[in-house]
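Number of protein chains: 2
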Amino acid sequence: MTTTEITVKMVFDRWNGALQNWNNLLHALPDEALYTAIAPGKNRGIYLLGHLIAVHDDMRVLLDLGEKMYPELYEPFLQSPDGVTAQIPDAAALRAAWYKQCEAFSLQCGQLAAEDWFDKHTAVSAEDFAGEPHRNKLNIIITRTTHLSYHTGQLRLLK
Amino acid sequence: MTTTEITVKMVFDRWNGALQNWNNLLHALPDEALYTAIAPGKNRGIYLLGHLIAVHDDMRVLLDLGEKMYPELYEPFLQSPDGVTAQIPDAAALRAAWYKQCEAFSLQCGQLAAEDWFDKHTAVSAEDFAGEPHRNKLNIIITRTTHLSYHTGQLRLLK
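Chains A and B, in that order, are what the protein sequence lines are. Per the working numbering, the first sequence starts with residue 1, numbered consecutively. Per the working numbering, the second sequence starts with residue 1001, numbered consecutively.
Hints were generated in silico from the structure; no laboratory data involved. Note that beta-carbon positions come from the ideal geometry of N, C-alpha and C, so glycine has one too. Take the hints with a grain of salt, since some may be wrong.
[Claimed, not checked] Just so you have them, the derived chain B footprint on chain A, three or more residues with Cβ under 8 angstroms:
| no. | region |
| --- | --- |
| 1 | 3 to 13 |
| 2 | 34 to 44 |
| 3 | 137 to 144 |
| 4 | 151 to 159 |
Whole structure, please, built from the sequences with the hints as guidance.
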């Protein structure tokens, strides 16, 4: 294995492990639990789920995998705090969207070669990338893995 | 920059960013807040702090940086749940231990060359490592970064 291949394996092992931790929790929590605040006065589980879908939809664009699958979730789950948007999709709809998005993402990521992950992401210019080669696609996976873990620590409190 | 150097930079940027997020919160929370449960019936902030020190002490051993600095924290913060051990260090003592440990860790990590991070950690045999080269020192940083983020999402609830 080359250093590039080892690196991509390590980063994706952690990304997939973090997704698995989230999914194990999500699977164990009934819909009623998702409508509960993780702590008094804080976000509800349903908001965290919608928030992750919105953030991961943005990853699709940054990684040049295609368009957002659920652009309608940007406003209620990224632009607005929990409880502000009157009409949000219900738990069943968000669960279905989440799993569909995860499946598409995993399939598409699997088509990239290890070295492709060191190419620039779409939000950095070729000029800037020349001097800042760490602003690559793999870095998007690294930063979103900790984002996912941050919110998994919160969802865990509903159990 | 080589791929190895870019990789080590990305992983440490995220590790240091995650530490900064935790430290910003820790700095903003008074001691009284640390003695509060992050949610009803869940761990207190003080337990999360002691838990992180114990886990990061174990990283010192895995990365061959030296001995644990606070081995006495293993039992109350890793082996036992919150509230079980009668005598634990107070918030001021744990804050001091945390910052001292962070400083030593950062200094020692800075002395390794980028390629050293792809060497095996101390819990894997040379034999196993030959077939599983991802079980290296950098992977310890990657996995503990998500662990830190998971608990930062919880500490955040005390604010």
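Comparing the hints with the structure gives:
1. Here the region 3 to 13 of chain A counts 8 residues with a CB under 8 angstroms from a CB of chain B, which clears the bar of 3, and the coverage holds.
2. With 4 residues having a beta carbon nearer than 8 angstroms to a beta carbon of chain B, the region 34 to 44 of chain A meets the requirement of three or more and the stated coverage holds.
3. Given a C-beta distance limit of less than 8 angstroms, the hint that chain B covers the region 137 to 144 of chain A holds, as 4 residues qualify and 3 suffice.
4. Note: the region 151 to 159 of chain A has 6 residues with beta-carbon separation from chain B under 8 angstroms; the three-residue rule is met and the coverage holds.
When held up to the earlier numbered hints, the structure conflicts with none and fits them all.
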